[in-house]
Amino acid sequence: MKTTGIALSLKEKLENNFSENKELIFKNSTNFINEIRTKAFESFKLMGFPTIKQENWRYTNLENALSKDYHQQFQPQGNTVDIEKVFHCEVHHLDTYTVTQLNNWYAEKHIPLCHLPNGVIIGSLAKAIEAHPDIVEKHFGRYADFEKSGITALNTAFAQDGVFIFVPDNVEINKPIQIINIIDSNDDLLVQPRNLIILGKNSKLTLVHCDHTIKHKSSFINTVSEIFMDEGSSMDHYKLQNKDDRSAMITNTSFHLEANSNLTTNTIVLNGGLIRNNLNIKLNGKGSHADLNGLYLVSGTQHVDNNTFVDHASPDTTSNELYKGVVDQNARAIFSGKILVRRHSQRTQAIQTNRNLLLTDEAIVNSKPHLEIYADDVKCGHGATVGQLDPDELFYLRARGISEENARMLLMYAFADEIVTKISVPALRERICSLVSKRLKGELSICDQCVLHCNDNEIPSFEIDMSKV
Amino acid sequence: MLKIKNLKVSINNKKIINGLNLEVNAGEIHAIMGPNGTGKSTLASVIAGREIFEVTEGSIIYQGKNLLEMSPEVRSREGIFLGFQYPVEIPGVSITNFMKTAINEHRKYKGLEPLTATMFLALMEEKKKMVDLQTKLTNRSVNEGFSGGEKKKNEIFQMAMLEPTLAILDETDSGLDIDALRVVANGVNKLRRKDNAFIVITHYQRLLDYIVPDFVHVLFEGRIVKSGKKELALELEERGYDWIKQEVEAQSLL
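Protein sequences, first through last, are from chains A and B. Going by numbering that gives the first Met the number 0, 166 is the number at position 167 of the first sequence; the sequence numbering is gapless. Going by numbering that gives the first Met the number 0, 252 is the number at position 253 of the second sequence; the sequence numbering is gapless.
Hints listed in this document are in silico derivations from the structure and should not be mistaken for laboratory results. Some hints here could point you the wrong way.
Said to hold, decoys possible - Chain A regions said to be covered by chain B (calculated; three or more residues, Cβ under 8 Å): (1) 335-347; (2) 408-418.
What the hints assert, rightly or not - Pair by pair, the computed Cβ-Cβ distance ranges are: (3) B:GLY63 x A:ALA426: 49 to 59 Å; (4) A:LYS440 x B:GLY63: 31 to 41 Å; (5) B:GLU124 x A:LYS440: 22 to 32 Å; (6) A:ARG428 x B:GLU22: 46 to 56 Å; (7) B:GLN133 x A:PRO390: 48 to 58 Å; (8) A:ILE372 x B:GLU88: 44 to 54 Å.
As the list claims (entries may be wrong) - Straight-line alpha carbon distances no greater than 27 Å define the calculated BS3-like cross-link-like pairs of lysine-lysine that follow: (9) B:LYS228 x B:LYS244; (10) B:LYS135 x A:LYS421; (11) A:LYS440 x B:LYS99; (12) B:LYS107 x A:LYS437; (13) A:LYS440 x B:LYS109; (14) A:LYS421 x B:LYS99; (15) B:LYS99 x A:LYS437.
C-beta atoms are modelled at their ideal positions from N, C-alpha and C, and glycine is treated no differently.
Okay, chain A solo, but in the shape it has when bound:
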């Protein structure tokens, strides 16, 4: 009962923080948003943090992560940090529009909200609330349901800043937009970025969302991203997670798809202490389609939980889901996927697959594919596998002179490659390709992503130990 006490105390602390800092939290928002905030706060008070008693959280225990004394920043911390110097991302040569968040705050302080000639708006959500309340209010809080999830409620109550992207009807953004979310603090920090992305009719966007930590203090990140895709729009979405072992991260990403829109979302977890990704996709219009791809590579005592929910809320919708994971040492990976086909959603097609490679006896995978179908004219399938490297394949490679270690590498890489090849931006695919192979060789460090601060800190090492297989 001791740990419950600690979790409660963080909850209490947050409740106090909310009351004490209400003025700061509320001052930049519109009344409309502050009303949502107040409702969400009540929801959080009611629900609190999820516990393992909830079916959806059975395998992910937040108690440890919640037992720390986190600080919250209710306004940006001075101008001491020059983001260009703190962080240098190697995917830069990928010619993107880059937007950076530091500890949740939108970091490009000179141009907080950028209006492109074609009507595209990219920038800080806080500023967007101020400048374009009409657009923001139409979507804010509509897709991420705070009445059913304590953590989404918590984010909604405190949400102050994050990335805002608006793409008008019929506009295609030719370059990918890259969101980089950096945590850099001398304190243990709780951060809650809030992102809102709106795609107009027949518009097109490629979005790369990267999460990194710089200083190795504990952090707890609770992100909510709401993405609205209007009729005929299409989006290529990438989530790259390379967090240190001391960070806990919960991401809640809710997509809302109107008719004939087309989404590809790729979740690539390279490293992270505790990661829980809630991915919710609502196929709300006829002919909408979603591809969900996921890859997780975990070792040490890492814990990665991917929870996906695809809601076929309209007839003639399709989804195709493939998540693959390599789980080494004492790590644990969870895949829980639910597909809901509503009564009127005839001619739904949905496939869901989860494949896992377990490298040690200690590694754990919990895989829970789940279909809930109320329509009768549908084509749905699901499957899950948990296995080891195939001894026949290993022998075949070794019989050609390839060392056992390299043979394992080749096979693990081949396993991951099925997801990597789905990445449609060539520069990004190459980059992820090399990150994945470095990761599998145990050569990837947080320093691969940022050049400055890593070297002064003790870097946690994580290697796939080939000898243990």
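Chain A is already provided as a structure; the job is to place chain B on it using the hints.
For chain B alone, kept in the frame of chain A given last:
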């Protein structure tokens, strides 16, 4: 080159090879024939280093070295090649990547620099021609979606790439039509030299029309019970194995 003495092999305590003797010299082609389930493929696997088999007795000396102490990859780098009866499909591993890794590990073992990409591709093209392989390999995964014939041709292609000293072909002819059979046989004949040797495991005499063996051995109940020249293969084709079984039984009665 290869000396097998009194070899005994078990799997899960079941004896499969039971006192086998065989000597192969450079420049020779040996054919091993015999009914199903007599240990032919086991022999091939044991020479290549498959770990699921337990060698309980005997020795295998290859070029003066104790083969049984070597890992499969070291055996390969020392010049041993196994053409698999059932080549494995490995989705996601491209043939190019696979062969490049293999060749460069062989070269590293010999103290040579790795091949450059250009040199490697040139070598691939040369060997593809040599074994008459028309399949586009560059973007394909190892054996994935290959027909039976393509898989076997791919084995011969790999053999050509690695230029082994001792190649064991485990029923490479099974499941091949006559054209594919000719391609496989031509590959072997082109690779044949004075300083290398082949062990060809087969059920059928027809392969031996194309690859002419110096010696033919009959494997039965885990031992070589009869050896002869290429004419023995013809006799087996004509008379089957029953007369050999009878001979063996008669001997055991003595």
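request  = Compare the distance between the alpha carbons of LYS228 (chain B) and LYS244 (chain B) with 27 Å, and conclude whether the hinted pair is satisfied.
outcome  = Holds, at roughly 19 Å.
query = Are 3 or more residues of the segment 408-418 of chain A near chain B, judged by a Cβ distance of less than 8 Å?
reply = holds (count 7)
inquiry  = The hint says 44 to 54 Å between ILE372 (chain A) and GLU88 (chain B); measuring C-beta to C-beta, is that right?
reply    = violated (34 Å)
query = Does the structure keep LYS107 (chain B) and LYS437 (chain A) at a Cα separation of 27 Å or less?
reply = holds (22 Å)
query = Do the alpha carbons of LYS99 (chain B) and LYS437 (chain A) lie within 27 Å of each other, as the hint requires?
reply = holds (19 Å)
Residues of the segment 335-347 of chain A with Cβ under 8 Å from chain B, three needed, outcome = Check failed, 0 qualifying residues.
task = Verify the proposed pairing of LYS440 (chain A) with LYS109 (chain B), using a straight-line Cα cut of 27 Å.
result = Cα-Cα ~24 Å, so holds.
message = I want to verify a distance hint. Is the separation of the beta carbons of GLU124 (chain B) and LYS440 (chain A) within 22 to 32 Å?
response = holds (30 Å)
key: Pair hint outcome, LYS135 (chain B) versus LYS421 (chain A) [Cα-Cα no greater than 27 Å]   = holds (22 Å)
query = Has the given pair, LYS440 (chain A) with LYS99 (chain B), been kept, meaning a C-alpha gap of at most 27 Å?
reply = holds (18 Å)
inquiry  = Given the hint of 48 to 58 Å, is the C-beta distance from GLN133 (chain B) to PRO390 (chain A) inside that range or not?
reply    = Distance hint for GLN133 (chain B), PRO390 (chain A) is violated at roughly 32 Å.
query = Is the distance from the Cβ of GLY63 (chain B) to the Cβ of ALA426 (chain A) consistent with 49 to 59 Å?
reply = holds (53 Å)
When held up to the earlier numbered hints, the structure conflicts with 1, 7, 8 and fits the remainder.
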